[in-house]
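Chemist: One letter stands for each residue in the lines below.
There are 2 protein chains.
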Amino acid sequence: MYQSSESLGRLVSVLSRMPGIGRKTAGRLAFYILKMSREEAKELADAVLEVKEKVGNCSVCFNISENDPCNICTDQRRDKSIICVVEEASDIIALEKAEEFNPAYHVLGGRLSPLDGIGPDDLNIKSLFARLDGSVSEVIIATNPDVEGEATAMYLNKLVTPFGVKVTRIARGLPVGGDLEYADGVTITRALQGRQEL
Amino acid sequence: MYQSSESLGRLVSVLSRMPGIGRKTAGRLAFYILKMSREEAKELADAVLEVKEKVGNCSVCFNISENDPCNICTDQRRDKSIICVVEEASDIIALEKAEEFNPAYHVLGGRLSPLDGIGPDDLNIKSLFARLDGSVSEVIIATNPDVEGEATAMYLNKLVTPFGVKVTRIARGLPVGGDLEYADGVTITRALQGRQEL
Chain A
8 MYQSSESLGR
18 LVSVLSRMPG
28 IGRKTAGRLA
38 FYILKMSREE
48 AKELADAVLE
58 VKEKVGNCSV
68 CFNISENDPC
78 NICTDQRRDK
88 SIICVVEEAS
98 DIIALEKAEE
108 FNPAYHVLGG
118 RLSPLDGIGP
128 DDLNIKSLFA
138 RLDGSVSEVI
148 IATNPDVEGE
158 ATAMYLNKLV
168 TPFGVKVTRI
178 ARGLPVGGDL
188 EYADGVTITR
198 ALQGRQEL
Chain B
8 MYQSSESLGR
18 LVSVLSRMPG
28 IGRKTAGRLA
38 FYILKMSREE
48 AKELADAVLE
58 VKEKVGNCSV
68 CFNISENDPC
78 NICTDQRRDK
88 SIICVVEEAS
98 DIIALEKAEE
108 FNPAYHVLGG
118 RLSPLDGIGP
128 DDLNIKSLFA
138 RLDGSVSEVI
148 IATNPDVEGE
158 ATAMYLNKLV
168 TPFGVKVTRI
178 ARGLPVGGDL
188 EYADGVTITR
198 ALQGRQEL
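Heads up: the protein sequence lines correspond to chains A and B, in order. The working numbering puts the first residue of the first sequence at 8, with every later residue one more than the last. The working numbering puts the first residue of the second sequence at 8, with every later residue one more than the last.
This is chain A alone, in the form it adopts within the complex:
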């Protein structure tokens, strides 16, 4: 295949390693970067390096953070008696969109997935138990509502219950604004199982 420049080819190949970026998109992005001003390109390169340089993990909850402990763990206005367990730090950003919800978090760093060789020891589970020192009254398990997420939730439930804290799971049901007609059977089943009195 014709290649107009080696360094452009290299940029395309680096970009196309990223998730959801195929060779075509990578090519379009590379041409865009080529058309950027030198300052903009520098800004992009610096932002990539800076994020690796500055951002680490909170040693308490494993959220990504520039400080340790992170801003959530040091926030005095949060209800530290509730720990919300998530798979990835990006899930915290999603959960923080909820109103009137100010728990502490705990990032597992993945989910149980025997097929991918990910077992309990690969996740931040022991550090979760270390936090259950009596000050915590509820653990909300907010792993994703898919097969591995559910399995991880069940596994955690079994292990956390002996600590004498309430273990809850986020509700599965119809998304707000959704349409019964287009919902799948499993979701409808869950919505019916989780029905509440009005």
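Since the hints were made in silico from the structure, they are not lab data. A hint or two may mislead.
Pairs involving identical chains hold if they fit within one copy or between any two copies, as the list cannot separate such chains.
What the hints assert, rightly or not - The calculated lysine-lysine pairs, modelled on DSS-like cross-linking and capped at a C-alpha distance of 27 Å, are:
| no. | residue 1 | residue 2 |
| --- | --- | --- |
| 1 | K104 | K42 |
| 2 | K42 | K165 |
| 3 | K31 | K42 |
| 4 | K61 | K165 |
| 5 | K31 | K61 |
| 6 | K104 | K173 |
| 7 | K61 | K49 |
| 8 | K104 | K61 |
| 9 | K31 | K49 |
| 10 | K173 | K87 |
| 11 | K104 | K87 |
Based on the hints, put chain B in the right spot on chain A.
Modeler: Frame of chain A; chain B shown alone:
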């Protein structure tokens, strides 16, 4: 909105300026970059800077290139009597996929678009005329088959014809492997107008 880290926010905002990358995709990419090893992040940043550093434009055909003149302009095996005019350097990569087609190129750097304030003086048109010194027998206009591309083609046709060279336009018609049933009316009209004897 909750932000876990300022530098992550900055990376998301830089990434989301790129074409086809919205805030959600930018967020996903930023988290991917965060999970990269330091070496991989450095490789990405370097590739971005290197492309700006090394890649310039060929002074003859305005193709992007690390050398001047570019590899195509200095290639002795090419048929320099044919100049294929394209909008962008990325179009050359697409045209080079064609078999038995080895012309010289000329990159306009855009197309006529009065609404966007892009007139003839904003494109590499005068430099095209300078190349029509008698050694060129055919100019193939390969601007995109859309409204602005067609307008640019007609404009160029009028100006190039007086130089006494043959001016041709790439064929519009049904894409190979396409389906008459799903083709739009304009494409079918063009395919019929461009029919050839078997």
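Chemist: Compare the structure with each hint and give your call.
Modeler: Right, here's what the structure says about each hint:
In this homomeric assembly, K104 and K42 come within 27 Å of each other (Cα to Cα) only across copies, at 23 Å, whereas the closest approach inside a single copy is 36 Å. Taking the closest pair of Cα atoms, K42 and K165 never come within 27 Å of each other, the shortest separation being 55 Å inside a single copy and 30 Å across copies. Within a single copy, K31 and K42 get their C-alpha atoms as close as 17 Å, and across copies as close as 24 Å, so both meet the 27 Å cut-off. In this assembly of identical chains, the alpha carbons of K61 and K165 never lie at most 27 Å apart, being 37 Å within a copy and 58 Å across copies at closest.
Within a single copy, K31 and K61 get their C-alpha atoms only as close as 32 Å, which misses the 27 Å cut-off; across copies the closest is 22 Å, which meets it. For a Cα distance limit of 27 Å, the shortest separation of K104 from K173 inside one copy, 24 Å, qualifies, whereas the shortest one across copies, 63 Å, does not. In this homomeric assembly, K61 and K49 come within 27 Å of each other (Cα to Cα) both inside a single copy, at 17 Å, and across copies, at 14 Å. Taking the shortest Cα distances, K104 and K61 sit within 27 Å of each other inside one copy (25 Å), while across copies they are farther apart (44 Å).
In this assembly of identical chains, the alpha carbons of K31 and K49 lie at most 27 Å apart whether taken from the same copy (23 Å) or from different copies (23 Å). In the homo-oligomer, the alpha carbons of K173 and K87 lie at most 27 Å apart inside one protomer (14 Å), although the nearest pairing across protomers, at 78 Å, exceeds that limit. Taking the closest pair of Cα atoms, K104 and K87 come within 27 Å of each other only inside a single copy of the chain (18 Å); across copies the shortest separation is 61 Å, beyond that limit.
Hints 2, 4 from the earlier list are contradicted by this structure; the remaining hints agree with it.
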